[in-house]
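All chains should be modelled from the sequences, with the hints used to inform the complete structure.
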Amino acid sequence: MIDLTVKIPGLELKNPIMPASGCFGFGKEYAQLYDLSQLGAIMIKATTVETRLGNPTPRVAETSSGMLNAIGLQNPGLEGVYHSELPWLEQFDVPIIANVAGTTTEDYVDVAQEISKAPNVHALEINISCPNVKKGGITFGTDPAVARELTRAVKEVSSVPVYIKLSPNVTDIVSIAKAVEEGGADGITMINTLLGMRLDPKTGRPVIANITGGLSGPAIKPVALRMVYEVSKQTNLPIIGMGGVTDVDDVIDFLSAGASAVAVGTANFVNPFVCPEIIGKLPERLHELGYDSLEELIGRSHRL
Amino acid sequence: MIKQERMKVVAQQPIARHIFELTVEGGLVDEMAEPGQFVHVRVADSFEPLLRRPISVASIDKENNRFTMIYRAEGRGTQILADKKAGDEIDVLGPLGHGFPVEQAEKKAFLIGGGIGVPPLYELAKQLNSRGIETVHILGFESKQAIFYEEQFKALGDTHIATVDGSHGTEGFVTHILNELPHDFDTYFSCGPTAMLEAVQWAYPQKRGYLSYEQRMGCGIGACFACVCRTTKSETDYIKVCSDGPVFPAGVVIS
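Residue numbers (the numbering used here), protein chains in the order written: chain A, 1 to 304; chain B, 305 to 559.
If you are wondering where the hints come from, they were derived from the structure by calculation, not from laboratory data. A portion of the hints provided could be inaccurate.
[To be verified] Only part of the chain B face toward chain A is listed, based on derived beta-carbon distances under 10 Å:
hint, residue
1, 306
2, 308
3, 351
4, 381
5, 382
6, 384
7, 397
8, 474
9, 477
10, 524
11, 526
12, 527
13, 531
14, 534
15, 542
[As the list claims (entries may be wrong)] With a Cα cut of at most 27 Å, we get these calculated DSSO-like pairs of lysine-lysine:
hint, chain 1, residue 1, chain 2, residue 2
16, A, 28, A, 281
17, B, 366, B, 388
18, B, 411, B, 511
19, B, 307, A, 28
20, A, 178, A, 155
21, A, 7, A, 202
22, B, 307, A, 281
23, B, 430, B, 411
24, B, 448, A, 202
25, A, 281, B, 312
26, B, 458, B, 448
27, A, 281, A, 7
28, B, 537, A, 28
29, A, 233, A, 155
30, B, 412, B, 366
We put the CB at the ideal spot given by N, CA and C, even for glycine.
What follows is the structure in structure tokens.
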């Protein structure tokens, strides 16, 4: 029996697989399809202080082996998530990682302080990398000094470990990773989507109402893998890796690159059963590769 | 319950210009009930194209475990789907969403469809007729070459066709036909382009009506928040076409 458990700050995971934030809502839709207790964890949709309606439509566009989205952080706000969505999730034996978003430091601090008190929230994921909102979001994720200070402010008020979600839309992602490490982050989640756009060849106009959107799906996996590799080499923080994961071998790749756990995003839209399917296949695949534990696999690409 | 199944293609044929009729077989049919629900089809086993395609259900054959979809092959995904042949398998997720409430019709219903919005009205017409409801079908198409299922609808009730170019039936839109018909029905059901749904809604402000909407979708089950619309029911929330709809009572969706 291969041990799939993973221990990282705040999280004792049954297995390293979890749905990524924004690709799983607050779990209700997928709970119609399978028992969410099978999952290692759930990264719930971003929560902001107030209710957000998000961007106008069209909000998604398909691209080659990928998709663009600009949902714009639609969510019921801190009140709604804290008093309705999180209590509903308590029926499942699964730790929740709450994704926190905002436009000012105060927003992040306010949400982090409150949401981290929920009994089933075992860690926070600080979204300093949303490319689809006009103010805030990504600006916190592209300047190392700003990222460090935000991390500090959130760490001060959070009752649970804090993971910072990094943006790939930077020249040097390692400098941001090091900055949040200095700021006291307990871990890193990476990567968020890559900024992109698609045009309508008939009109020349952008397909997405927001003009640009975040690229996700298999198309971005090589970028994500390279970034996880670089950050794991140069920081000591545990990483939850993501970006274009669709099957068990993608998970093996991210673990090999240095991630301790792996999130599955866009693939949930293509195959809603993808997370339990990967979890089911993981022991056999590890065995085939000659490994008895996940631990041996993590970061093996660095041991050349 | 929503199921994901590799279903077997029983038959596929073109039935009008760019329009295909595809029949598949499998256990998922057991879950189908309401007309107007849809399925989310993965056209390739690879991730290119990536997303599923939402396709409406044109008729359900529970006895033989089959259902039929009618779709327009116009984009990359539906063109791949159009190449599927009897014996091939396709990955189907469904049934999804909320369909037409057949129990709301009392004696006589108008079924108003436009273009690729026509298919779900066929299963609806079948179910209404089997409940003893008289159905009148008002269907709009681009041209004569784009028309499908005229005979099938005629077998179930009065059927009026409009074409934009006047090559068959009344020249113009379904509203031109509606203006000429007596308002002697109790409920209307409609599916088609948003502009048509708006016009139908305005034509019968006093009548009970149900409209099926279309929006660009991601997941198809309500998790991704791609296919949202504003609603008259709330200023602080959207409705999702895929999981709250695609059928809504008249007056609910702000389009």
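Here is how each hint holds up against the structure:
1. 306: holds (6 Å)
2. 308: holds (6 Å)
3. 351: holds (5 Å)
4. 381: Hint holds; residue 381/B Cβ to chain A Cβ min 8 Å, cut 10 Å.
5. 382: Cβ of residue 382/B sits 12 Å from chain A, so the hint is violated.
6. 384: Violated: closest Cβ of chain A sits about 13 Å from residue 384/B, beyond 10 Å.
7. 397: holds (7 Å)
8. 474: Violated - the Cβ of residue 474/B stays beyond 10 Å from chain A, reaching only about 29 Å at its closest.
9. 477: Violated. Min distance 23 Å.
10. 524: holds (8 Å)
11. 526: With a minimum Cβ separation of about 5 Å from chain A (threshold 10 Å), the hint on residue 526/B holds.
12. 527: holds (4 Å)
13. 531: holds (7 Å)
14. 534: Cβ of residue 534/B sits 8 Å from chain A, so the hint holds.
15. 542: Interface hint status for residue 542/B: holds (6 Å vs cutoff 10 Å).
16. 28/A to 281/A: Holds, at roughly 24 Å.
17. 366/B to 388/B: Holds - the C-alpha atoms of residue 388/B and residue 366/B are around 22 Å apart, at most 27 Å.
18. 411/B to 511/B: holds (13 Å)
19. 307/B to 28/A: holds (16 Å)
20. 178/A to 155/A: OK: residue 178/A and residue 155/A at ~16 Å, within 27 Å.
21. 7/A to 202/A: violated (52 Å)
22. 307/B to 281/A: Satisfied, since the Cα-Cα distance of roughly 21 Å is no more than 27 Å.
23. 430/B to 411/B: holds (14 Å)
24. 448/B to 202/A: Judged against 27 Å, a Cα distance of about 26 Å means the pair holds.
25. 281/A to 312/B: The given pair, whose Cα atoms are some 26 Å apart, holds under the 27 Å limit.
26. 458/B to 448/B: Status holds; Cα separation ~16 Å.
27. 281/A to 7/A: holds (20 Å)
28. 537/B to 28/A: holds (22 Å)
29. 233/A to 155/A: Cα-Cα ~24 Å, so holds.
30. 412/B to 366/B: holds (26 Å)
The earlier numbered hints that this structure contradicts are 5, 6, 8, 9 and 21.
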